[in-house]
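Sequence lines, in order, name chains L and B. Letter by letter, the first sequence follows residues 141 to 318 in my numbering. Letter by letter, the second sequence follows residues 14 to 255 in my numbering.
No lab work stands behind these hints: they were computed from the structure. Predicted model, so just to flag it, every value in this text is computed and none were measured. It is possible that some hints are incorrect.
As the list claims (entries may be wrong) - Under the rule of at most 20 Å between Cα atoms (straight-line distance), these lysine to any residue pairs were calculated in the SDA-like manner:
| no. | chain 1 | residue 1 | chain 2 | residue 2 |
| --- | --- | --- | --- | --- |
| 1 | L | LYS158 | B | GLY121 |
| 2 | L | LYS158 | B | PHE119 |
| 3 | L | LYS158 | B | GLU113 |
| 4 | L | LYS158 | B | PRO161 |
| 5 | L | LYS267 | B | GLY243 |
| 6 | L | LYS267 | L | ALA257 |
| 7 | L | LYS180 | B | ARG76 |
| 8 | L | LYS267 | B | LEU41 |
| 9 | L | LYS158 | L | LYS180 |
| 10 | B | LYS190 | B | LYS214 |
| 11 | L | LYS173 | B | THR160 |
| 12 | B | LYS214 | B | LEU200 |
| 13 | L | LYS267 | L | VAL301 |
| 14 | L | LYS158 | B | ARG150 |
| 15 | L | LYS158 | B | MET127 |
| 16 | L | LYS158 | B | GLY124 |
| 17 | L | LYS180 | B | MET127 |
| 18 | L | LYS180 | B | GLY124 |
| 19 | B | LYS184 | L | ARG175 |
| 20 | L | LYS267 | L | ARG307 |
| 21 | L | LYS158 | B | ALA110 |
| 22 | L | LYS267 | L | SER282 |
| 23 | L | LYS267 | B | ALA246 |
| 24 | L | LYS180 | L | ARG160 |
| 25 | L | LYS158 | B | HIS100 |
| 26 | L | LYS158 | B | GLN107 |
| 27 | L | LYS232 | L | ALA260 |
| 28 | L | LYS267 | B | ALA40 |
| 29 | B | LYS190 | B | ARG204 |
| 30 | L | LYS180 | B | LEU165 |
| 31 | L | LYS158 | B | ASP111 |
| 32 | L | LYS158 | B | VAL164 |
| 33 | L | LYS180 | B | GLN83 |
| 34 | B | LYS184 | B | PRO162 |
| 35 | L | LYS267 | B | SER67 |
| 36 | L | LYS295 | L | ALA250 |
| 37 | L | LYS158 | B | LEU108 |
| 38 | L | LYS158 | B | THR160 |
| 39 | L | LYS180 | B | HIS79 |
| 40 | L | LYS173 | B | ARG167 |
Here's the letter readout for the chains.
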Amino acid sequence: MGVPYVPVLGLVGTDLLKRRDDMVIAVDPFDGKTRTVVAKAMRPDVAAFHAQKADRHGNVSCGYEAEVVMLAEASRHVIVTAETIVERLTEKEAAGAFVPGIHVDTVAHAPFGAHPAGCAGLYGPDKVHMAQYVAASRDDASFDEYLRTYVFDVKDHDEYVERFVPRHWRDPARAASG
Amino acid sequence: MEYSEAELLAVLLAREVRDGEISACGALSQIPAAGLLLAGELHAPNAEIIILHSAFDPFRTSRQFHYLAQRGEMGLFFVSGVQIDRHGNYNLHQLGADPERPRARFPGGYGGGMIYYAARRTVVFRTEHTRRSLVERVDFVSAAGATPPDVLRRGHPSKVVTPKAAFRFDKDAAVLKLDTIHPPWTLDDIRANTGFELDVKGAIPATPAPTEEELHVLRHVIRRRMIDTGTYAAWAQQSLGN
Numbered sequence: 141m142g143v144p145y146v147p148v149l150g151l152v153g154t155d156l157l158k159r160r161d162d163m164v165i166a167v168d169p170f171d172g173k174t175r176t177v178v179a180k181a182m183r184p185d186v187a188a189f190h191a192q193k194a195d196r197h198g199n200v201s202c203g204y205e206a207e208v209v210m211l212a213e214a215s216r217h218v219i220v221t222a223e224t225i226v227e228r229l230t231e232k233e234a235a236g237a238f239v240p241g242i243h244v245d246t247v248a249h250a251p252f253g254a255h256p257a258g259c260a261g262l263y264g265p266d267k268v269h270m271a272q273y274v275a276a277s278r279d280d281a282s283f284d285e286y287l288r289t290y291v292f293d294v295k296d297h298d299e300y301v302e303r304f305v306p307r308h309w310r311d312p313a314r315a316a317s318g
Numbered sequence: 014m015e016y017s018e019a020e021l022l023a024v025l026l027a028r029e030v031r032d033g034e035i036s037a038c039g040a041l042s043q044i045p046a047a048g049l050l051l052a053g054e055l056h057a058p059n060a061e062i063i064i065l066h067s068a069f070d071p072f073r074t075s076r077q078f079h080y081l082a083q084r085g086e087m088g089l090f091f092v093s094g095v096q097i098d099r100h101g102n103y104n105l106h107q108l109g110a111d112p113e114r115p116r117a118r119f120p121g122g123y124g125g126g127m128i129y130y131a132a133r134r135t136v137v138f139r140t141e142h143t144r145r146s147l148v149e150r151v152d153f154v155s156a157a158g159a160t161p162p163d164v165l166r167r168g169h170p171s172k173v174v175t176p177k178a179a180f181r182f183d184k185d186a187a188v189l190k191l192d193t194i195h196p197p198w199t200l201d202d203i204r205a206n207t208g209f210e211l212d213v214k215g216a217i218p219a220t221p222a223p224t225e226e227e228l229h230v231l232r233h234v235i236r237r238r239m240i241d242t243g244t245y246a247a248w249a250q251q252s253l254g255n
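Please take these sequences and the hints and turn them into a complete structure.
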């Protein structure tokens, strides 16, 4: 977006405001009296997100969940993983939430790349895995164990999909519809 | 007529909806969802009902919902909090005296820190009325009941509704005042289960019980609609009319 800060309605009087140095209360410069929160712009070095479809030119179609579009527009570098990569997105495919390739540094093919979360329109969250994740989050030891099992001890994305994405999600009929 | 706490709360929340207004609830809000649909079926046929992340959600992104609320078009919103205090502050973040080492953490106030200031009225609901949920001062203010008059704000909390009583928020004094008590609970019960001074002068009226019509529509029409539209269907099946 490239703006230095944005006004935010609300948050005055909250403890959140006390704990954040990137949000302050400012006076409306136009009326000279109304006070509101302004939030310092975030300028991420790198944004990484998963999308439904991308093409060789870096154009990305994110279904209808458009929030990541803003993320891409705000970040210096953008890395996208996608369920499917095509030669060139069609007009129709680019009609929803769309990130033009000029913002995007890299696109990688990663089917089921949103797992254990869902990828809108293609698959929902893996509720069994999510429950394990929540249970593992209870303390540091169990969360370390979770990270070892699902992140550090996994060679690559293919191995992750093979071992942890439910088998029935991967049947050919389903994959074809994606 | 017998009714469950969930049914009572759904009916009481429905009564807060005004015809012609936009009224909404957010995530994990099965009771307000039932209340909103009930109001639409009874006294508020022209209310615009929004149940986020359901078949009754017109938005594709949360930004679209935020912009509508920020413009001041949201008449009524329902929120809950793990703690609610005497000054209408609510806490959806964490418990414990030391903010650096909380005893428990909660999802946080994603949209609440905005919607509490943007909706013209917000009704806070809580399914537990105890001294740990209704407190003198919340451990963490996720959204503030009152703000100085020069702060941009389009609305305020209007009520707090629990299974035992309803409080109304006195905007000028910035305190919750006991409004009605749900029979069979008494003023002594409310005093014993509320963690702040009630400051009651005179008799507190009894909350009008759910009517036969309210319960009938809730248990038949609304229950069916929630199941058919996948709107907290499992909850509706289990909690309404059993």
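Taking the hints in turn, this is what the structure says about them:
no.	hint	verdict
1	L/LYS158 - B/GLY121	15 Å, holds
2	L/LYS158 - B/PHE119	18 Å, holds
3	L/LYS158 - B/GLU113	13 Å, holds
4	L/LYS158 - B/PRO161	17 Å, holds
5	L/LYS267 - B/GLY243	17 Å, holds
6	L/LYS267 - L/ALA257	9 Å, holds
7	L/LYS180 - B/ARG76	18 Å, holds
8	L/LYS267 - B/LEU41	16 Å, holds
9	L/LYS158 - L/LYS180	15 Å, holds
10	B/LYS190 - B/LYS214	10 Å, holds
11	L/LYS173 - B/THR160	15 Å, holds
12	B/LYS214 - B/LEU200	12 Å, holds
13	L/LYS267 - L/VAL301	16 Å, holds
14	L/LYS158 - B/ARG150	16 Å, holds
15	L/LYS158 - B/MET127	16 Å, holds
16	L/LYS158 - B/GLY124	18 Å, holds
17	L/LYS180 - B/MET127	17 Å, holds
18	L/LYS180 - B/GLY124	18 Å, holds
19	B/LYS184 - L/ARG175	19 Å, holds
20	L/LYS267 - L/ARG307	14 Å, holds
21	L/LYS158 - B/ALA110	15 Å, holds
22	L/LYS267 - L/SER282	19 Å, holds
23	L/LYS267 - B/ALA246	17 Å, holds
24	L/LYS180 - L/ARG160	10 Å, holds
25	L/LYS158 - B/HIS100	18 Å, holds
26	L/LYS158 - B/GLN107	15 Å, holds
27	L/LYS232 - L/ALA260	17 Å, holds
28	L/LYS267 - B/ALA40	17 Å, holds
29	B/LYS190 - B/ARG204	12 Å, holds
30	L/LYS180 - B/LEU165	18 Å, holds
31	L/LYS158 - B/ASP111	14 Å, holds
32	L/LYS158 - B/VAL164	17 Å, holds
33	L/LYS180 - B/GLN83	19 Å, holds
34	B/LYS184 - B/PRO162	11 Å, holds
35	L/LYS267 - B/SER67	18 Å, holds
36	L/LYS295 - L/ALA250	14 Å, holds
37	L/LYS158 - B/LEU108	17 Å, holds
38	L/LYS158 - B/THR160	15 Å, holds
39	L/LYS180 - B/HIS79	19 Å, holds
40	L/LYS173 - B/ARG167	16 Å, holds
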